[in-house]
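Chains as they are written, first to last, in our numbering: chain A, 1 to 343; chain B, 1 to 134.
Think of the hints as simulated: they come from the structure by calculation, not from any bench.
Heads up, the beta-carbon is just placed ideally off N, CA and C, and yes, glycines get one too.
There are no misleading hints in this set.
Partial list, derived from the structure: chain A residues whose beta carbon lies under 10 angstroms from chain B:
hint : residue
1    : 195
2    : 295
3    : 329
Listed below, chain by chain, are the residues.
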Amino acid sequence: MSAPGKAPESAQAREARLKAGLEAVFQAELSRTVTVSDLVVTSAGARRGNVLFTATAPGGEGQRYCVTYLPTLDIELLPIPQEAALFRLAEAQGVPVPHVHFATEDPQWVGGPLFVSDCVAGETVPRRVLRKVAAEGTGETIAAQLGSAFAALHSIDPTLAPPALARPERAPVEDALARTDQQLRELLQPSPIFSYAQRWLETHAPRAGDGLAIVHGDVRNGNVIIDEQGLAAVLDWEVAKVGDPLEDLAWTCLRCWRFGEDDKEVGGFGPRAPFVAAYEAGGGHFDPERFHWWKVLGTYRWGLGLAGQAAAHLEGRFSNIVMAMSGRRVGELEYDLLSLLKP
Amino acid sequence: MQDRPTAVELLDTLATYLEEEVGPELEGPLVYRTRVALNLLSVVRRELIDEEALPREAARLAALLDTPVPKGSPRAALEALNAQLAERLRRGGDAAFDAAAWPVLMAGAREKLAVLRPGYDGYDSAGERPGGAS
Numbered sequence: 001m002s003a004p005g006k007a008p009e010s011a012q013a014r015e016a017r018l019k020a021g022l023e024a025v026f027q028a029e030l031s032r033t034v035t036v037s038d039l040v041v042t043s044a045g046a047r048r049g050n051v052l053f054t055a056t057a058p059g060g061e062g063q064r065y066c067v068t069y070l071p072t073l074d075i076e077l078l079p080i081p082q083e084a085a086l087f088r089l090a091e092a093q094g095v096p097v098p099h100v101h102f103a104t105e106d107p108q109w110v111g112g113p114l115f116v117s118d119c120v121a122g123e124t125v126p127r128r129v130l131r132k133v134a135a136e137g138t139g140e141t142i143a144a145q146l147g148s149a150f151a152a153l154h155s156i157d158p159t160l161a162p163p164a165l166a167r168p169e170r171a172p173v174e175d176a177l178a179r180t181d182q183q184l185r186e187l188l189q190p191s192p193i194f195s196y197a198q199r200w201l202e203t204h205a206p207r208a209g210d211g212l213a214i215v216h217g218d219v220r221n222g223n224v225i226i227d228e229q230g231l232a233a234v235l236d237w238e239v240a241k242v243g244d245p246l247e248d249l250a251w252t253c254l255r256c257w258r259f260g261e262d263d264k265e266v267g268g269f270g271p272r273a274p275f276v277a278a279y280e281a282g283g284g285h286f287d288p289e290r291f292h293w294w295k296v297l298g299t300y301r302w303g304l305g306l307a308g309q310a311a312a313h314l315e316g317r318f319s320n321i322v323m324a325m326s327g328r329r330v331g332e333l334e335y336d337l338l339s340l341l342k343p
Numbered sequence: 001m002q003d004r005p006t007a008v009e010l011l012d013t014l015a016t017y018l019e020e021e022v023g024p025e026l027e028g029p030l031v032y033r034t035r036v037a038l039n040l041l042s043v044v045r046r047e048l049i050d051e052e053a054l055p056r057e058a059a060r061l062a063a064l065l066d067t068p069v070p071k072g073s074p075r076a077a078l079e080a081l082n083a084q085l086a087e088r089l090r091r092g093g094d095a096a097f098d099a100a101a102w103p104v105l106m107a108g109a110r111e112k113l114a115v116l117r118p119g120y121d122g123y124d125s126a127g128e129r130p131g132g133a134s
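Could you put the whole structure together from the sequences, leaning on the hints where they help?
The structure is reproduced here in structure tokens:
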């Protein structure tokens, strides 16, 4: 753990500490004596880590696992044990997620809360995913699998959601508009296109929907594991919330997540028809007008998000070259917005 | 007037340096960040070449707003027009003005993309709308 005034920990020291912590927590949580080896860091965000590792019992065969943890006790978006509870809730309903073995808030093992789940084999890096999907011809299948996964997730009674999951203070549509209006005011320079979008969204806001559901909030290429059969698991549930189910479907279908496969509306994987058919077959209700509204909102929101990254860079809150370039990607979202809003 | 290399030629030199001398030495996250750096250079290069972009956009916005182009630098004039247009579109309530604004906004968006990401406007999401030919 690096505290102010202390030198940052080396990668080797961090790995040794993680290995020891995982061996101890397997003993404590599962009463299993294991040796931990072959650690692979898959994502090392500033706030949380995902590390794959092998746990081997004496004389036994090694098994791959994944640990998701916070390196410190900083404030969490969604507390790790509640994220683990959400995985279990989703799994029980048939949503493909890694099986969770245990979760703990105790910071003594790795410095912060953690949960350990199965390591699901497959590909997650977006461009490699799309190459694999093209080679194996699984695109339409994945579009349908995503529809089924959403139907399963949205069929869960939202009152069963872990208590820390964000819940809208008013209708999700109004909530979303209040947030974007605030972000619009905070832009570093006035944007006529975003102003046009905000106004359009307000004047075309859909009426109250079919009700609330647990929504994942960020299902897209990069947050899914894809194998030979298609969709193997949905990852990264930390922005899950209670909201409008159509918001979830629309976010997956934004052009910015297609990585160049622009004519494949569902995440760059496949067309809308099998996605919607699977969603409805699983009990979901699809409303094309509402879906379109959430696509406009999502495109606008991501454009505001990129502008916010550039502002964080320029104000020195979080400076790096990727954040700087985000400011020059806003134009892509402006174009997409105008295309969606063609009179 | 500065001596050669020109600003554009310096950017090209920097890009070649990053690509041919620095790039092969890198691994891990630096590979990705250096690719971002090269993209950044190509954006700046295209922006520098098109010296008429700001006055051209200011003229379009002034025509839409039916107002003269404000005095001052092209950048300051454009900022003032952008603020005025954003405020009017945010207020809304004038369908005819909104309809007239859309093609002007689109022309500006396409010009930005010519600098930011040439070819990105080759796909039109309009076909995905309800009633569209998706």
